[in-house]
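Number of protein chains: 4
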Amino acid sequence: MAKAHEFPSRLLRGYATFRDQRLPQESSRYKVLAETGQRPRTMILGCSDSRAAPETIFDAAPGELFVVRNVAALVPPFTPDGEHHGTSAAIEFGVMGLKVRNLVVMGHGRCGGITAYMAERDAPELQGSNDYISKWTSLLKPAEALICDDPVETTDRQRAMEFASIRQTIENLRTFPWIKSLEEIDELELHGAWFDISTGELYLLDKETGRFTVPDEIEA
Amino acid sequence: MAKAHEFPSRLLRGYATFRDQRLPQESSRYKVLAETGQRPRTMILGCSDSRAAPETIFDAAPGELFVVRNVAALVPPFTPDGEHHGTSAAIEFGVMGLKVRNLVVMGHGRCGGITAYMAERDAPELQGSNDYISKWTSLLKPAEALICDDPVETTDRQRAMEFASIRQTIENLRTFPWIKSLEEIDELELHGAWFDISTGELYLLDKETGRFTVPDEIEA
Amino acid sequence: MAKAHEFPSRLLRGYATFRDQRLPQESSRYKVLAETGQRPRTMILGCSDSRAAPETIFDAAPGELFVVRNVAALVPPFTPDGEHHGTSAAIEFGVMGLKVRNLVVMGHGRCGGITAYMAERDAPELQGSNDYISKWTSLLKPAEALICDDPVETTDRQRAMEFASIRQTIENLRTFPWIKSLEEIDELELHGAWFDISTGELYLLDKETGRFTVPDEIEA
Amino acid sequence: MAKAHEFPSRLLRGYATFRDQRLPQESSRYKVLAETGQRPRTMILGCSDSRAAPETIFDAAPGELFVVRNVAALVPPFTPDGEHHGTSAAIEFGVMGLKVRNLVVMGHGRCGGITAYMAERDAPELQGSNDYISKWTSLLKPAEALICDDPVETTDRQRAMEFASIRQTIENLRTFPWIKSLEEIDELELHGAWFDISTGELYLLDKETGRFTVPDEIEA
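Protein chains in written order, with the working numbering: chain A, 14 to 233; chain B, 14 to 233; chain C, 14 to 233; chain D, 14 to 233.
So here's chain A without its partners, still in its complex pose:
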């Protein structure tokens, strides 16, 4: 099965396109950032979903976004237990090491992680052998208390849970002592964003109202 050992041809074609078209435009950026090191000002905690790539949605250039992606863009509360915490380590790396000024928690519509959580909540007996996913999405439990009485959130439970999840993740981030402190002295800003993978609309979390809306600045 030689074929079984080949690198996906689709990726090779995609790389060739990058190398021939985009790389020439960005070569100086890559070169300089390789020598001076990366200096992103923004970190994005996003979802692994194939339809929600931060660099695509924000048209980002190399070096602009430090990105950690996992199922549903979640993070456990601060837990200094000496275990392997990949997401927490990435956040520590971005906030403490790279000193990013903005940390954006980015969710999206039709999130499979949210759907999986709701399915198991509604029918626990359906839970299969997906041990890691079940445990990971159980981080969503407290988020249910953060569902708003928006018309939209009342009628669209999936989206309501997606919004609430972002609010919960931001709360979890604030359990990290250095994040709380940096935010208090305005050295770090936490943001919430939700991308509608169907329409391409971007909703932002209004820190005053706690609601998600499409801000005027980006109204089509």
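No wet-lab data here; the hints were simulated from the structure. Even for Gly, the Cβ is constructed at its ideal location relative to N, Cα and C. Accuracy of the hints is not assured; some may be wrong.
For lysine to aspartate or glutamate, the following EDC-like pairs were computed, each having C-alpha atoms within a straight-line distance of at most 16 Å [claimed, not checked]:
hint: 1; chain 1: C; residue 1: 44; chain 2: B; residue 2: 199
hint: 2; chain 1: B; residue 1: 44; chain 2: C; residue 2: 197
hint: 3; chain 1: D; residue 1: 148; chain 2: C; residue 2: 94
hint: 4; chain 1: C; residue 1: 193; chain 2: B; residue 2: 48
hint: 5; chain 1: C; residue 1: 44; chain 2: D; residue 2: 209
hint: 6; chain 1: B; residue 1: 148; chain 2: A; residue 2: 96
hint: 7; chain 1: D; residue 1: 44; chain 2: C; residue 2: 214
hint: 8; chain 1: C; residue 1: 44; chain 2: D; residue 2: 214
hint: 9; chain 1: C; residue 1: 220; chain 2: C; residue 2: 199
hint: 10; chain 1: A; residue 1: 44; chain 2: B; residue 2: 214
hint: 11; chain 1: A; residue 1: 220; chain 2: B; residue 2: 19
hint: 12; chain 1: C; residue 1: 148; chain 2: D; residue 2: 94
hint: 13; chain 1: C; residue 1: 44; chain 2: B; residue 2: 196
hint: 14; chain 1: D; residue 1: 148; chain 2: D; residue 2: 133
From the structure, some residues in chain B lie toward chain C, with a derived Cβ separation under 7 Å [stated by the list, open to error]:
hint: 15; residue: 41
hint: 16; residue: 42
hint: 17; residue: 45
hint: 18; residue: 49
hint: 19; residue: 191
hint: 20; residue: 194
Since chain A is already given, all that's left is putting chains B, C and D on it; use the hints.
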């Protein structure tokens, strides 16, 4: 401090560009993939580094790549201990849930996670309060045994460690019983790739030799 | 009548052969695919004819082909009327549930379903009490408009109708909104194939010309 | 996207293997059965699952098995309403047209159709837009009354439902007047079989006890 509550303007401008230029071209993909669900064939376990975005390097369209990113593209060995394992959950979601056929572990040059590990190894006294990062990068320890005696790996210790790390992560992935099983019956393929953020070159892991080379197919 | 209650001995012998010869070779595939779930990349809509088994003709291993078979490999146009549609349900299961990437409509020579249709068309008085068959094969009516003026199709009316039937079934498949959408964004490919049960030749539908030919790749 | 128009290479390779290896051995069978027409003695109503191909499990030669496959091997009760009934038409074709002597309803383990039915039954709100599947699997509802108090059926609900489904399908087949009549005069035999896709074991329905067991004849 109203300003402190604004969404990063750079991201708003980037989104506007996406909305005006790329979204119109991809709108049908987004719409269809929202209705039918994502169906990526490839999963990428990459690094959070701002200079190594998989969608950029592989010129990927929405829906093509299921991506998990953390510091240094690492994964702990299979550990069904009921703890929150974000990376393992994402891998379970991609391999078992989405049934991807390819899983690419993608490292890159000048990786800060690798540098941090090597610095602490050589000068433990350097270790600061970055508890999560130290613990996370300690996953690299066994990788040192996987450094090859390539000329390049002997002279460039950083790159040697980056290559070895990818080999180690692939070994760790094989400790997941379902990954090992699916690979054995040729239903899942594991690949290794390394991106040179300075030159834009892409190296691939040769499964026969265990070496990283720039394959002829993509030779400039 | 004990005999009347015995399982066909031919099947028992055949199973014994499978159990002793092929099962040992495929046992790991069966075991793994039982634990991880099936992940076929291709779905085949074929005919129930005993001489046209897809797994035999494509030498398929367990788990490779999701197969729906009925008389003449037909499918009614999209009809969301809440009735029991077995073929449409299977197509929905394969395309939406299993996310197959290829859907092959496979017809064959000397197809009894096609013969029955042509006989009733030419001599309605022949129609007997085979109510289900007559109604089912009436799906072939619009296919007559898709007969080409190939030399072969002009001289061999049965084969011409078999080819046209495959073209018609593909058109009917495109009346399913999600099939049409997925095909438009290149996430699903529809193919046509015709198997000559007499010679064992495989003809493929050329999407450019709409003609059936034996492609060079598989020329003996 | 020329690639998008290619026939799956895996199928082309599989066909080449069939043409070079098996076809030569079966060429006379194919040739004769093409000229004389098919004359299978057994019809199998099986599932579309990629792991349960009747020709493979029964090591069948071309012409031996007339096979209809749909999701979960179901058939609606006799309904002469003039609608398009693909499965009923295939059964009519096999029993009345080809005069098969045996009709085997064959289920299998880990059946996705059964799982889907049970999931929606336990959590109706989870039902998505899979309109055809939901309607089709609703044929399983009456089968719940046919679950036995076997130790196995009591402890393994999925398997119990798979067994009950086969019993129900056989009952539905007997609502076809000609099937009932032919069975009464011992001209047609209805059988039930269940294939364990994990171990490869074959269970048969004992017509006396109504239980599924591995018969001595095929005990390993």
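Each hint tested on the structure:
Between residue 44(C) and residue 199(B) the CA atoms are separated by roughly 14 Å; this keeps the pair inside 16 Å, and the hint holds. Annotation: proposed proximity of residue 44(B) to residue 197(C) holds, straight-line Cα distance about 12 Å (limit 16 Å). Annotation: proposed proximity of residue 148(D) to residue 94(C) holds, straight-line Cα distance about 10 Å (limit 16 Å). For the proposed pair residue 193(C) and residue 48(B), the alpha carbon gap of about 13 Å is at most 16 Å, so the pair holds.
At roughly 10 Å between alpha-carbon atoms, residue 44(C) and residue 209(D) fall within 16 Å of each other, so this suggested pair holds. For the given pair, residue 148(B) sits about 7 Å from residue 96(A) by alpha-carbon distance, which is consistent with the 16 Å threshold. For a cut-off of 16 Å, the pair hint linking residue 44(D) to residue 214(C) stands: about 12 Å separates their Cα positions. Restraint check for residue 44(C) and residue 214(D): the C-alpha separation of about 12 Å stays at or below 16 Å, so the hint holds.
A hinted pair counts as satisfied when its Cα atoms are at most 16 Å apart, and residue 220(C) with residue 199(C) qualifies at roughly 14 Å. A threshold of 16 Å between alpha carbons decides the hint, and for residue 44(A) with residue 214(B) the separation of about 12 Å falls inside it, so the pair holds. Under the criterion of a C-alpha separation no larger than 16 Å, the hint pairing residue 220(A) with residue 19(B) is consistent with the structure, at around 9 Å. Taking the CA atoms of residue 148(C) and residue 94(D), the gap is near 10 Å; set against the 16 Å cutoff, the hint holds.
With a C-alpha separation of about 13 Å, the suggested pair residue 44(C) and residue 196(B) falls inside the 16 Å cut-off, and the hint holds. A C-alpha spacing of about 11 Å is found between residue 148(D) and residue 133(D), which places the hinted pair at or below 16 Å, so the restraint holds. Look at residue 41(B): its Cβ gets to within about 6 Å of chain C, closer than 7 Å, so that hint holds up. Interface restraint check for residue 42(B): the shortest CB-CB distance to chain C comes to about 5 Å, inside 7 Å, so the restraint holds.
Interface restraint check: residue 45(B) against chain C, minimum CB-CB distance 4 Å, threshold 7 Å, status holds. A least Cβ separation of about 5 Å between residue 49(B) and chain C falls short of the 7 Å threshold, and the interface hint therefore holds. Proximity of residue 191(B) to chain C holds as hinted, the smallest CB-CB distance being about 5 Å (cut-off 7 Å). For residue 194(B), the interface hint holds, the least distance from its beta-carbon to any beta-carbon of chain C being 4 Å, beneath 7 Å.
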